[in-house]
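Visitor: Those protein sequences? They're chains A and B, same order as listed.
So in numbering that gives the first Met the number 0, the last one in the first sequence is 539, and the numbering has no gaps at all.
So in numbering that gives the first Met the number 0, the last one in the second sequence is 229, and the numbering has no gaps at all.
Any given hint could be a false lead.
[Claimed, not checked] Here are the simulated DSS-like pairs of lysine-lysine, each with C-alpha atoms no more than 27 Å apart in a straight line:
no., chain 1, residue 1, chain 2, residue 2
1, A, K255, B, K166
2, A, K243, B, K207
3, A, K89, A, K100
No wet-lab data here; the hints were simulated from the structure.
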Amino acid sequence: MQLDKLTVKVRPRKSWEAIDLGIALLQQHAAALYKIWFLITLPVYFCVMFLPNEQVVWGIFIFWLLKPLWERPLLHYLSRHLFGEELTVKDCVKSFFGLAKIQWFASLTWRRFSFTRSLDLPIIQLENLSGQQRSQRLQVIHSVGSGSAVWLTMFFMGLEIAFFMGVLTLLYLLVPPQMANEIDIWFWFWFTASANHYWFEVLQNLITYLAISLVAPFYVACGFALYINQRTHLEAWDIELAFKRLAERLKRLSRKQATQLASLFLSISILFMHVPDLMAQAEESTQTVGEFLEENIAEKSPLHSHKKVKETIKKIKQGEDFNQVEKQTYYKLRNKFDDNIPEKESSSNWPVIGHWLGYFISFIVNFALWVVAGVLILFLIIKYRYLITGKSVSVKNKKARPEVLFGMTMAPESLPDSPSEVAAKMLASGDYRQGISLLYRASLIWVIDNTDIIIQEGDTELECLVKMQKISVPKLSQFMQQLTFCWRSLAYAHQIPDPLLMKELCERWPSIFATRDKSKEQSNDPKANVDNLILSEAKK
Amino acid sequence: MLDTTREVEVPEGITLSLPVAGAVSRALAFFIDVIIRWSAMAVIIQILAFFGNFGTGLYLLAIFLIEWFYPVLFEIFYHGQTIGKKVMDIMVVNDDGTPIDWSSSIVRNLLRFADFLPFLYLFGLISMLFSRDFKRLGDFAAGTLVVHKLTRLSPLAQNNLSGLAPKMTLTLEEQSAIIGFSERSERMSESRLNELAGHLRPWLNQSKLNQNESASMQLKRMAKWLRGHA
Numbered sequence: 000m001q002l003d004k005l006t007v008k009v010r011p012r013k014s015w016e017a018i019d020l021g022i023a024l025l026q027q028h029a030a031a032l033y034k035i036w037f038l039i040t041l042p043v044y045f046c047v048m049f050l051p052n053e054q055v056v057w058g059i060f061i062f063w064l065l066k067p068l069w070e071r072p073l074l075h076y077l078s079r080h081l082f083g084e085e086l087t088v089k090d091c092v093k094s095f096f097g098l099a100k101i102q103w104f105a106s107l108t109w110r111r112f113s114f115t116r117s118l119d120l121p122i123i124q125l126e127n128l129s130g131q132q133r134s135q136r137l138q139v140i141h142s143v144g145s146g147s148a149v150w151l152t153m154f155f156m157g158l159e160i161a162f163f164m165g166v167l168t169l170l171y172l173l174v175p176p177q178m179a180n181e182i183d184i185w186f187w188f189w190f191t192a193s194a195n196h197y198w199f200e201v202l203q204n205l206i207t208y209l210a211i212s213l214v215a216p217f218y219v220a221c222g223f224a225l226y227i228n229q230r231t232h233l234e235a236w237d238i239e240l241a242f243k244r245l246a247e248r249l250k251r252l253s254r255k256q257a258t259q260l261a262s263l264f265l266s267i268s269i270l271f272m273h274v275p276d277l278m279a280q281a282e283e284s285t286q287t288v289g290e291f292l293e294e295n296i297a298e299k300s301p302l303h304s305h306k307k308v309k310e311t312i313k314k315i316k317q318g319e320d321f322n323q324v325e326k327q328t329y330y331k332l333r334n335k336f337d338d339n340i341p342e343k344e345s346s347s348n349w350p351v352i353g354h355w356l357g358y359f360i361s362f363i364v365n366f367a368l369w370v371v372a373g374v375l376i377l378f379l380i381i382k383y384r385y386l387i388t389g390k391s392v393s394v395k396n397k398k399a400r401p402e403v404l405f406g407m408t409m410a411p412e413s414l415p416d417s418p419s420e421v422a423a424k425m426l427a428s429g430d431y432r433q434g435i436s437l438l439y440r441a442s443l444i445w446v447i448d449n450t451d452i453i454i455q456e457g458d459t460e461l462e463c464l465v466k467m468q469k470i471s472v473p474k475l476s477q478f479m480q481q482l483t484f485c486w487r488s489l490a491y492a493h494q495i496p497d498p499l500l501m502k503e504l505c506e507r508w509p510s511i512f513a514t515r516d517k518s519k520e521q522s523n524d525p526k527a528n529v530d531n532l533i534l535s536e537a538k539k
Numbered sequence: 000m001l002d003t004t005r006e007v008e009v010p011e012g013i014t015l016s017l018p019v020a021g022a023v024s025r026a027l028a029f030f031i032d033v034i035i036r037w038s039a040m041a042v043i044i045q046i047l048a049f050f051g052n053f054g055t056g057l058y059l060l061a062i063f064l065i066e067w068f069y070p071v072l073f074e075i076f077y078h079g080q081t082i083g084k085k086v087m088d089i090m091v092v093n094d095d096g097t098p099i100d101w102s103s104s105i106v107r108n109l110l111r112f113a114d115f116l117p118f119l120y121l122f123g124l125i126s127m128l129f130s131r132d133f134k135r136l137g138d139f140a141a142g143t144l145v146v147h148k149l150t151r152l153s154p155l156a157q158n159n160l161s162g163l164a165p166k167m168t169l170t171l172e173e174q175s176a177i178i179g180f181s182e183r184s185e186r187m188s189e190s191r192l193n194e195l196a197g198h199l200r201p202w203l204n205q206s207k208l209n210q211n212e213s214a215s216m217q218l219k220r221m222a223k224w225l226r227g228h229a
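With the rest of the complex left out, here is chain A (with noise of 0.2 Å):
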């Protein structure tokens, strides 16, 4: 056995990871070891299926008994290929009938039934043991642990019965609802030997068979992976590799020495050699660096010796920095239980109903300044939860925004500090359809910032100023109809509306928006400002 040819990580692992290496063992030679299966039990199966009808039945159960037999050549492989060596598949089906003979009786009677047997089969077949020794070193194998072992062969018996059921229930699925419902569920699932269902039979048969060549080649990378686990925590086999690889690195290393000590000798010959001009040229900087080291290591540091350091660390550690004491005073609350403090002692005649009395009042009272303080911040937080979340509690916040009204962007960052002068100067240089777009738009912007009404992006200007004429501020919604008038003229008849009054409608602007900016930073209530609307033309 040479471990250095270990084709797979050996460390002391749980068995539950051994399993799972075994696993990853039969992934990594899946193609090989079904090959071989099935090269192997192919021909025994077609030989079993064909029996007469009564006993097609019997003749799955001879297979599955055979099992050990089967599985022997999987082992073979797997144990070859563990170290290094490569072996063929076809040499590998080969030996099969050398491997089925060692102890093949009772591998098939007594030993079929044994729960380790996957543990148990590289004993036999790996270390060719028999009779008092084979059985002395199971000991030796399972006092490791065999728990994982018998988990291992429930495992997949479960499985072998997950796939029969699986795939029968997959093919029920597969009949025509018509047919299904003429199918017995439990005769569909379970053997009834009866000749009008021979091809029935011969299905699950087949089915059966599939699922213990679908397990079989686990099982036995499992138990395998398994044994080599239980031996490499008794022989530390990890323990050996890292070993041999350590001795091998330091001689390694000692070899290396060798060469460099040699060749630093002749470096060193070469060197002295050329000395005298080298001496020459060093003296100098030698002696002012050493002069140099002398005087600030050796002296200025105060650490240089490890008594001076002991008495450093006890200075600094008595110093104010480590001996600070502080007084805290805080309260704590009292315990009913506390022994410190004397309960006075009651003359009256009904200590003890007293006693719970007072209890019963204090815990009620408790409870419902509890409840008083837990309202009490309830309410201050939906009250004041605009300061938390940073929104305001308005409606305006609610409503959506339309973010596009008739191709016009409705951000109110997109006006200029002055919308009305700025529209002026573009009436005046004859630009009017910017101009009174520029209105017409901060207009629309104002009314939804700070007003209740709620316009949507499908609205027209019309509707817009139809909802605007509900809230009864006449100023306003006379504004509007003019301006959406000229807006409408301009925009869609492309006919140039009275100068005289597109520049009234700049000049009246400020007047009626005015609020505008004052609005965006105080209020939160939408309404006010239409309210001082009212009154500001109630005065006039």
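Chain B: place on chain A using the hints.
Guide: Only chain B this time, still in chain A's reference frame:
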């Protein structure tokens, strides 16, 4: 070298190897969980049977919640472990080794029904047997791994050996081999110990070897030195 670990590189440039857990331990953990879940349901059904139709409605709800959220809640609030996983010492983590989060846990557990198909978790089992990281379909969807929990180093058994500093510089791997040698020495026979220690014999303290201190004893003392007071 074949191994069952998955390498994950963390942002700090360190490579962690996660020991991925395979079908067998996971199936057993699942089986334990099934027993726990079903016994819980049996108890609930018994209790709610007193309430007639209303009780029936309640226990249908309870069954739904237990069946689907037992694993999710445990995985989130119990370090990626259900009770069954705790027994088997395995846990769920994200593919990159970080603790599992709500969305991954919900996805992997709701997709259990895909693994269940066509019957008795056949798809899930086959997926676990043939995928590289032993993942079932739900794990693929959620990007999760089930790994063996790393066990802590057990404290070294108290012995009266005095530590011995190794003369050579040792790599981390070599140090752990020497420590492992010492820790596992009680399991091994004297002859096997000598055989193992024999590989390093030429590099040990020769004068002490001549004074009848065996090579394995020197290695044990070295291990004591390497572990310090831990």
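Visitor: Work down the list of hints and note, for each, if the structure agrees.
Guide: Results for each hint:
1. About 17 Å separates the Cα atoms of K255 of chain A and K166 of chain B, which keeps this hinted pair within 27 Å; it holds.
2. Distance restraint check for K243 of chain A and K207 of chain B: the Cα-Cα separation of roughly 22 Å lies within the 27 Å cut-off, and the hinted pair is therefore satisfied.
3. Among the hinted pairs, K89 of chain A with K100 of chain A is consistent with the structure: their alpha-carbon atoms are about 19 Å apart, no more than 27 Å.
Violation of the numbered hints given earlier is absent; every hint is satisfied by the structure.
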